[in-house]
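Whole structure, please, built from the sequences with the hints as guidance.
Residue numbers (the working numbering), protein chains in the order written: chain S, 1 to 206; chain Z, 1 to 206.
Among these hints, one or two may not hold up.
Because identical chains share one entry, a pair is satisfied inside a single copy or across any pair of copies.
List of simulated lysine to any residue pairs, SDA-like, C-alpha gap at most 25 Å [what the hints assert, rightly or not]: (1) K55 / A15; (2) K76 / Y51; (3) K55 / W171; (4) K198 / F108; (5) K64 / M112; (6) K198 / R50; (7) K64 / E120; (8) K64 / R94; (9) K64 / A91; (10) K64 / L117; (11) K76 / E39; (12) K198 / W188; (13) K76 / R94; (14) K55 / E182; (15) K198 / A150; (16) K55 / A141; (17) K64 / E30; (18) K55 / A19; (19) K76 / A141; (20) K76 / A19; (21) K198 / L37.
FYI, nobody ran anything at the bench for these hints, they're computed from the structure.
Protein chains: 2
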Amino acid sequence: MARRVGSDGVRTEAAIRDAALRLIARFGYEALSMRRLAEEVDLGAAALYRYFPNKQAMLFSLLKTHMTELLAAWAKVRLPVSASAPVRLEAFTRFHIRHHLPRATGVFLSYMELRSLSRENFDAIEVLRRQYERDLAQILADGAAAGTLAMDHSRVTARAIIALLTGITTWYREDGPLGASEIEEIYWNIVARMTGIKTREAALCS
Amino acid sequence: MARRVGSDGVRTEAAIRDAALRLIARFGYEALSMRRLAEEVDLGAAALYRYFPNKQAMLFSLLKTHMTELLAAWAKVRLPVSASAPVRLEAFTRFHIRHHLPRATGVFLSYMELRSLSRENFDAIEVLRRQYERDLAQILADGAAAGTLAMDHSRVTARAIIALLTGITTWYREDGPLGASEIEEIYWNIVARMTGIKTREAALCS
DNA sequence: GCTTGAATTGAACAACTGTTCAATTAAACT
DNA sequence: AGTTTAATTGAACAGTTGTTCAATTCAAGC
Chain S
1 MARRVGSDGV RTEAAIRDAA LRLIARFGYE ALSMRRLAEE VDLGAAALYR
51 YFPNKQAMLF SLLKTHMTEL LAAWAKVRLP VSASAPVRLE AFTRFHIRHH
101 LPRATGVFLS YMELRSLSRE NFDAIEVLRR QYERDLAQIL ADGAAAGTLA
151 MDHSRVTARA IIALLTGITT WYREDGPLGA SEIEEIYWNI VARMTGIKTR
201 EAALCS
Chain Z
1 MARRVGSDGV RTEAAIRDAA LRLIARFGYE ALSMRRLAEE VDLGAAALYR
51 YFPNKQAMLF SLLKTHMTEL LAAWAKVRLP VSASAPVRLE AFTRFHIRHH
101 LPRATGVFLS YMELRSLSRE NFDAIEVLRR QYERDLAQIL ADGAAAGTLA
151 MDHSRVTARA IIALLTGITT WYREDGPLGA SEIEEIYWNI VARMTGIKTR
201 EAALCS
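Here it is as structure tokens:
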């Protein structure tokens with residue numbers, strides 16, 4: 001039967017999280033039963049309760065991990081405010097695409113299953129989401145103030161950009177016609193245009 | 001009252017559809033039980049099966065109605081190809097926002113619960129969705145060909161625009177700080193910029 | 001080999017699932 | 001009135017749900 005790695009509970013937990021992400025993305029949180037998930041990782045359903053106190057906590061843990069990983073990864077590549085807004089914006093755009101494309105299932109979950117969270121769990125995730133959004137809005141506001149970007153509402157534009165970039169994951173396929181780097185270029189051009197960049201690709205507006 | 005069909009069966013069905021839309025948007029399709037839905041409209045659970053053959057058919061009906069209404073409404077305001085691409089694009093943008101803002105729950109469902117559809121039901125909805133998307137892509141392609149718009153990939157840009165516009169429904173609140181018409185202006189400016197419009201607001205690029 | 005403690009299990013629980021159907025009520029038509 | 005048809009129901013069916021727990025298997029330390 002299941003040839004588990006014994007006391008290496010870490011690998012087991014990772015396998016559970018992985019399967020849970022995949023199955024929830026495919027069928028939805030409510031539609032996924034603990035028995036089905038357990039079967040996927042060759043365990044009895046009861047064994048799952050050694051890794052998560054209950055189903056809701058499992059979902060919360062998945063979503064929270066996704067968001068904290070996102071913020072941690074962004075913190076690593078984020079440019080200092082001393083850099084110009086267009087350069088910081090390009091860094092954000094490329095980072096967002098690079099980080100999200102290989103994590104399509106996690107992204108999907110994070111935007112779809114928020115409603116399955118209890119109120120307090122939802123609030124905890126929302127705080128993280130807004131932090132990310134605010135970071136982008138700040139870049140846009142800085143650019144508008146410095147005259148290197150041109151847009152009407154930095155907060156609204158930030159939301160629009162994130163929606164547009166995240167939407168990639170709904171149609172991107174690894175074996176599709178467009179490669180990740182092509183997509184990166186196309187979308188960076190789009191973002192550059194919609195924020196009225198002036199320092200780069202000025203030819204676009206001539 | 002002269003019709004043979006039902007006392008006010010139509011009104012009952014509308015009430016059921018309404019409640020179903022609301023409850024599914026809030027808790028998800030899988031999480032909504034027929035008994036809970038029936039309770040919401042003061043019926044026994046069994047009575048629902050007079051209006052829909054089963055739960056899956058109900059969801060499909062809701063999503064299909066949403067999409068056909070969208071396409072029908074768009075067909076009414078769509079401009080002929082004789083009009084310039086920028087004008088047609090503006091019509092599309094404003095239409096999309098006006099149509100979606102008062103239908104937030106339906107929109108949410110249409111993008112969230114696709115995975116809860118059976119394969120064939122999914123395909124039927126997908127056909128409609130792509131038709132809408134192709135319509136926008138055609139406008140962009142026409143504009144690019146005529147030189148009145150400038151973008152790299154009309155298909156990709158069409159998806160980006162729809163994602164960005166539809167994303168409004170995730171944060172728009174009727175009692176929020178931004179009114180519908182304000183949002184319409186902001187987003188039309190965004191779309192105009194990202195498609196490199198040349199005939200209007202040329203000052204943006206100067 | 002024996003002990004220890006963690007990992008896993010099968011069985012059980014009570015509640016809930018979508019769906020069916022004969023029986024019943026409500027309404028419409030004659 | 002009565003007759004016909006539509007609308008609704010309660011009860012039942014056969015599964016499934018998340019979760020608990022005593023009993024068991026397992027891997028490592030002695």
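So, going through the hints one by one against the coordinates:
no., hint, verdict
1, K55 / A15, "within (16 Å within a copy, 33 Å between copies)"
2, K76 / Y51, "neither (29 Å within a copy, 55 Å between copies)"
3, K55 / W171, "neither (29 Å within a copy, 27 Å between copies)"
4, K198 / F108, "neither (34 Å within a copy, 36 Å between copies)"
5, K64 / M112, "both (14 Å within a copy, 20 Å between copies)"
6, K198 / R50, "neither (55 Å within a copy, 61 Å between copies)"
7, K64 / E120, "within (12 Å within a copy, 34 Å between copies)"
8, K64 / R94, "within (23 Å within a copy, 36 Å between copies)"
9, K64 / A91, "within (24 Å within a copy, 40 Å between copies)"
10, K64 / L117, "within (11 Å within a copy, 28 Å between copies)"
11, K76 / E39, "neither (37 Å within a copy, 51 Å between copies)"
12, K198 / W188, "both (14 Å within a copy, 20 Å between copies)"
13, K76 / R94, "within (13 Å within a copy, 39 Å between copies)"
14, K55 / E182, "neither (39 Å within a copy, 42 Å between copies)"
15, K198 / A150, "both (8 Å within a copy, 16 Å between copies)"
16, K55 / A141, "neither (41 Å within a copy, 48 Å between copies)"
17, K64 / E30, "both (18 Å within a copy, 23 Å between copies)"
18, K55 / A19, "within (14 Å within a copy, 27 Å between copies)"
19, K76 / A141, "within (21 Å within a copy, 39 Å between copies)"
20, K76 / A19, "neither (28 Å within a copy, 46 Å between copies)"
21, K198 / L37, "neither (51 Å within a copy, 54 Å between copies)"
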